[in-house]
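Asks: Chains as they are written, first to last, in the numbering used here: chain B, 1 to 164; chain E, 1 to 659.
Bear in mind the hints are in silico, worked out from the structure with no lab data behind them.
C-beta: ideal position from N, C-alpha, C; glycine also.
Among the hints, a few may not be true.
[As the list claims (entries may be wrong)] Listed next, the in silico DSS-like pairs over lysine-lysine satisfying Cα-Cα at most 25 Å (straight line):
#1 B/K153 / B/K132
#2 B/K132 / E/K335
#3 B/K126 / E/K382
#4 B/K64 / E/K382
[Claimed, not checked] Which stretches of chain E does chain B cover? Using the computed rule of at least three CB atoms under 8 Å from a CB of chain B, they are:
#5 381-391
#6 424-432
#7 485-498
#8 547-555
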Amino acid sequence: MKKVMVILTLLLLMTVIPAYAGDQYDYKSAEFKEVASQFMCMCGCGQDHFECNMQGCGLNDSFKSEIKEMMDDGLTKDQIKDYYLSMYGEEILTAPEKKGFSLTAWVLPFVALGVAGIGIVFIIRKWVAGYKEEETSFEARSEEEELEDEIVKSMIDEERKKYF
Amino acid sequence: MHLIGNISIYLALALSVYALVIFILGIYKQDQRLVDSGKAATLGVFILASISMLVLFTALGTSQLQFEYVALYTSTDLPLAYKLAALWAGNAGSLLLWTFFLTMYTAMVAYSKKMKNNPLTPYVASIMLGNTIFFYIILGFVAKPFVLLEQVPLEGRGLNPMLQDPGMLLHPVTLYLGYVGLAVPFAFAIAALIIKSVDAFWLRMTRRWTIIAWVFLTLGNVIGGYWAYKELGWGGYWAWDPVENASFMPWLTVTAYLHSVMIQERKNMLKIWNISLIILSYALTLFGTFLVRSGVLTSVHAFGDSNLGAYFLIFMALAVIFSLYVLMSRYHLLKKDSGQFESLLSKESSFLINNLILVGGTFAVFWGTIFPLVSEAVRGTKVTVGIPFFNTVMSPILLALIFVMAVCPLIAWQRSTVKNLRDNFLLPAIISLVIIGLLAGLGMRAAYPIIAYGVISFMILTHIVEFYRGVKARRKVTKEAIPVALYWLMVKNRRRYGGYIVHFGIALMAIGIVGSNFDSETMKTVPKGETIEIEDYVLTYEYLAQRTEGINDIVFANIHVSKAGKDMGYIQPERIFYGSWEEPSTEVAVLGSLREDLYVVLSAWERDERATFVVKVNPLVRWVWIGSYILVIGSIFAIWPGKYGNITPRYTGPQRKVS
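If we strip away everything but chain E, and leave its shape as in the complex, we get:
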């Protein structure tokens, strides 16, 4: 098995090199047979990557401790799901997963029906193969997944308890699908530049790939947040950790791209900017990987003892230099046939402001993330840049973004007039001001949240107005009933209304994010039968007990909860003691509603069964998760092919000899 694993890696490396060379030859000689051979080789590389994955999965699942990777990240008593998930717990395995996705995407592009006869195909595949080769070099010579131990240990080191959570099954996979997915639009952009075909067509082809990557990035971040909330016991879901920032930055730049691309489609403008955003997004994924693997910054996510960072830094530098060279060499081409801006007050301008804020936000996150390194380089003094910094700097930026999201949909393309603005915004603005007044009247005193809720409600209202106007306009033409008109309006304009659903999702998430800052907390040590009171809640600690799951011992407290005199049932916060890990882990108990979460952590206990609990009331957190579901639904709605979702047209442009 060890042999099959290693052969699959080295053969895939050789085949990737072959595919790249044969593609280049095929392009150079304009020989379709060579290109077809390259395509077959990409499929071969994908099959080999699948074999590598299968071998490692088998070794992990069957606890073959002679493999160093298996011994390092699993133990025989680990549940099968986590044995398998350990594939992405360490450096070598997670890079193998990355490579697997990369080869999968490459094969998908090469064999896509929509790419038939498209001269971009061999170029796109070549660029992706360049990436694949880098990853195979790492897997083959630096972080080898199939290294055998000289002495087979009796037991493995086990999986870090914090990783033994359903989040581990989903968070890394979705995040990697997003990260690696960004290689596809990057490859399309560079390929389009190389063949000097930078029209709007490649944008339409890549849009779906970009949205898919964006959705996976979103999902990865949200699942990660939910995991942190449930697992880490500090009651939050986002800590602005360098590695979290690393996945947030490309999310911001891709969001900027998905908006500014509309100007290119409508006006044939911002071509350089759009390609730069794609390059930047891809570079940021590599930067994130560098952060995780290098250990240059302290992070709870970082992979330990790794020198991989340097390789990623070099690769990132090469990728960026190559991309910028290609971009600059086509600069004159991109400047040609540009459209025009007709007014400062137009949808085009609002998209530019949206881009400014998103990219400005990216810079703020980037600057905060690398500032410890900058400070050390300049002053020789280490500093920490933590949650207070990011909350302070990012809050106004994200608030401004929500405001632009509110304004953007209702501004006309080309030119808007003051009368248009008044007609569109007056009612939402008045209602938002009433909401602000109500919040202040209800006792909310902090200025920031009041402004935030005012802006969020303004955004929701302008979107409702947009739906209303769409239905009204459609009914004027078709005389349909309101639900029918709404249905057809949305279905026939999937992209536009999918985008608006995404905006609704973000609004709900923002409601949750702002609300969750109003948490209250108490920590108390109580004997059996005693109560802890927090806000309207009364928690009665009934008893402490122990149960066994496999070789793990679980200590849990049974707590009865009542709220304002109403029985809410029982909750059981836990501490898990692992047979193969020194530190126990926290399993918080959450009693949630749309209004708030009661969040209870069993912190410690004494021999006389007195127990210490950290109890939090986190308002509106559930809105963050609900918002994220809606965001994903909106994204899927926007990219759903269906009868009216013809967003990835087949290539019908000029033919070349090879495709």
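Okay, chain B solo, but in the shape it has when bound:
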């Protein structure tokens, strides 16, 4: 049913929106790039259909001309996307969709980072609280003092190694 709807929409758009008809898109135009780079080339080059320059990749050539034809006929980026989705499924896209189960692909890394981040802050606070209980005195030291200490220590070490 979905396929039929898509095809009907496409046909309708082709006849109803003549304003776009006749526009000629260049294969390397920004508009073409926007549309073609959504789709993964299936010739095994690992590139999208815009980038694939693989000699003899007939699939890419015909795909490109088909996309161009649709663009020349006035179809939008999303309409072309829906058309190929209905034909090939989500595998044709270069990235998972941002809806349904595929949304987890986008969200989970950040959720994991957020949870781990909260966990780390919690752990550090716990460690710091444990330290504060034992703490007797503290004098804030600057990094510069630390550096000087390190340098002096290394020089003393060197002298010690030389003479003892």
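Knowing the structure of chain B, use the given hints to seat chain E on it.
Replies: For chain E alone, coordinates are given in the frame of chain B:
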């Protein structure tokens, strides 16, 4: 020769088993003679692995087509360098290379002077031998490199043209040295757990091995990127291919380890975490190998028709279960004598945040890589996870990492104060904001790159401040001249300042990575004498010609280039037609400068000599390569032994009967 090859494999397998058993017996009986015998056997295994390599090299170099491997991956007309490099073009050969490196590292550890009298030695060698045995089982029974054909073909199938590139001589070798190199810290970590000696000493011993593996992993990835840039003709260098991800993930976790290990050294904390990172890094190398060999995911790097994945999956599972068992059994020991965190605002905390981002990044890459499998398992729907996903997800993570790299060096250990932060960061922050303003003023409108360049400049500036303060502090004590003070400051603190040089390298790479996203491209079909214009460049297509190299025909276009009216010379993009391969390959022509690369691909041509070119202007790409050189220089500086680089001390701890 076939016999020598096979004997070397099976004898090495037998000797590896012997070495492992004799080491275990030696440890159990505390008999040094048995341990010494085990060490001699590891040397024997290495010699046998070298013989196997030599036999295969000879067979490849002399085109002995009766060997299946030679017939599959070479042809008689192939240049000698590529005939030899075909050793790692196929499954069996590349696994032999892997095994060779593994036995080499094992022998190096067993006979290292620094390991003398160290009770860890037989344990480390045993663990590495466990790995060696697995690889020899594969070489002996699954992917055999010395199989003979029943009928000797007149000609071999030749080497895939995409592999006929200098990158093939370096990229796999460096990557394998990195991958296999991670087996060494893994073995050290497990050995330290087994003998319950998890002090900071084993960290110092393994650090150099870890950095060496890390440098090779870095080199492998960068060389691979450069190869892809020059060879594949799509103008990029990193495509987030599953196999590229597989080598990037251990790189991230090892980077995390190299930072968090400093907390263990200073505070005796994070012992479990550090060992877990080592285990994870090693497991990720096996996971990467599983990906390459199994074909479960589509990848341009994958070895075809292989059922090896299952073996690697089982081995990886066994290695991880064994490691986790050992780790858990020593949990109480690792929890003991832990130091303390004194403030939320300290260098220790910033290292933890650094680890969070690096491991979070690893998870993001891992999740994206396996998501097609997850989606298929859960929904029964295949999806593709490509460049747009990884760019979107990883950009903020890597940007956050650069920010932490900027902040980390200037925060004091133990506790920092708001005043410290203000003193340290005010000037770099103001200058970075000015740079952001300048970029916006110069017409840059995209928010992400502006923020990225602001953060990168902030990072570079904080590092310059760190060098400045070091020199100032040293001069205060020694009254040396500035260059002398800088020299001694760096030489006497190789690790710290080597690390900062690495950070500079990463900053330069980041400049290139962000900049290269602003590429512009055109594709045009032009007749002779016509021009193609792109940005300031005018390319005049002069003629198309053909030359022969061996049995390969090379078609090239001669193009004159001028930029803003200035003569830039000629470039010749090529297409190579191979005598023994159906598909021609692209040889792009690159005219590069620090500002940008003019990148030209000869795409197609007609009988009337009209030719189609894809022309790209890729800004700042050269910074990626320059950054990587600096990164490697920094790493070498950090691990250079020298007079002041005493980073791998000899073992002086408690003695045991066997070592």
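Asks: Take the hints in turn and mark each one as holding or not.
Replies: Right, here's what the structure says about each hint:
1. Of the supplied pair hints, the one linking B/K153 and B/K132 is violated, its CA atoms being roughly 28 Å apart against a limit of 25 Å.
2. Between B/K132 and E/K335 the alpha-carbon distance is near 20 Å, which keeps this suggested pair within the 25 Å criterion.
3. Pair hint B/K126 plus E/K382 does not hold up; C-alpha atoms about 44 Å apart against a cutoff of 25 Å.
4. Taking the CA atoms of B/K64 and E/K382, the gap is about 23 Å. The hint holds against a cut of 25 Å.
5. Counting residues of the segment 381-391 of chain E whose beta-carbon sits less than 8 Å from any beta-carbon of chain B gives 9, enough to reach three: the coverage restraint holds.
6. With a threshold of 8 Å between beta carbons, the proposed coverage of the segment 424-432 of chain E by chain B is violated, since 1 of its residues qualify and at least three are required.
7. Look at the segment 485-498 of chain E against chain B: 3 of its residues bring a Cβ nearer than 8 Å to a Cβ of that chain, three or more, so the hint holds.
8. For the segment 547-555 of chain E, the proposed coverage by chain B is not satisfied: 0 residues have a C-beta within less than 8 Å of a C-beta in that chain, short of the threshold of three.
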